[in-house]
Amino acid sequence: MAINKELLGPQKGEEEAYAIEALVFSTQVALQKAMNRKGMSNRELADRLGMTPARVSQIFSSNGPNLTLKTIARIAHALGDDFELVRKQDIRGTLPEERAKEFRSVVLHVNPRLSPSVWQEKAANSTGPNKRDLAA
Numbered sequence: 000m001a002i003n004k005e006l007l008g009p010q011k012g013e014e015e016a017y018a019i020e021a022l023v024f025s026t027q028v029a030l031q032k033a034m035n036r037k038g039m040s041n042r043e044l045a046d047r048l049g050m051t052p053a054r055v056s057q058i059f060s061s062n063g064p065n066l067t068l069k070t071i072a073r074i075a076h077a078l079g080d081d082f083e084l085v086r087k088q089d090i091r092g093t094l095p096e097e098r099a100k101e102f103r104s105v106v107l108h109v110n111p112r113l114s115p116s117v118w119q120e121k122a123a124n125s126t127g128p129n130k131r132d133l134a135a
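Letter by letter, the sequence shown follows residues 0 to 135 in numbering that gives the first Met the number 0.
FYI, nobody ran anything at the bench for these hints, they're computed from the structure. Heads up, some of the hints might be wrong.
Have a look at the derived ranges for each label pair, beta carbon to beta carbon [as the list claims (entries may be wrong)]: (1) E14 / P64: 14 to 24 Å; (2) Q10 / D81: 28 to 38 Å; (3) E15 / F59: 38 to 48 Å.
Cross-link-like lysine to aspartate or glutamate pairs, in silico, EDC-like; alpha carbons within 20 Å at most [claimed, not checked]: (4) K32 / D46; (5) K37 / E20; (6) K87 / E20; (7) K32 / E20; (8) K32 / E15; (9) K87 / E15.
A virtual CB, placed ideally from N, CA and C, is assigned to each residue, including glycine.
Given only the sequences and the hints, what does the whole structure look like? Please build it.
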């Protein structure tokens with residue numbers, strides 16, 4: 000099954016395989032991003048895990064092994080990072096309007112007709128050049 004399913008979505012009868020592939024891929028990406036943030040190479044991670052660099056490369060390949068949660072936790076610990084398995088709906092499920100409610104008390108509503116502006120319009124060079132400013 001191709002990674003391009005993100006654009007097309009799962010086909011009929013492939014929902015389970017798609018869900019598995021999506022979770023495996025997002026886990027690999029999250030771990031790889033953590034490695035990049037730490038500036039850690041495959042070799043350094045392999046040393047910390049007691050694995051070969053080839054095994055670490057295999058973990059991050061598209062045909063990599065089916066990682067257990069314990070292995071993922073070991074990798075996260077070796078990276079000095081914490082991970083948590085969270086439902087997508089808990090992260091992305093709130094609508095923008097619902098998220099905006101959190102900030103309503105912070106947003107100021109200003110009616111320019113009721114509140115005079117601190118800015119005043121004035122034509123450029125309305126008083127002409129100042130002779131003092133032109134002196135060399």
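For this session: Run the structure past the numbered hints and jot down the numbers of the failing ones, going up.
Result: Per hint list: 3, 5 and 8 violated.
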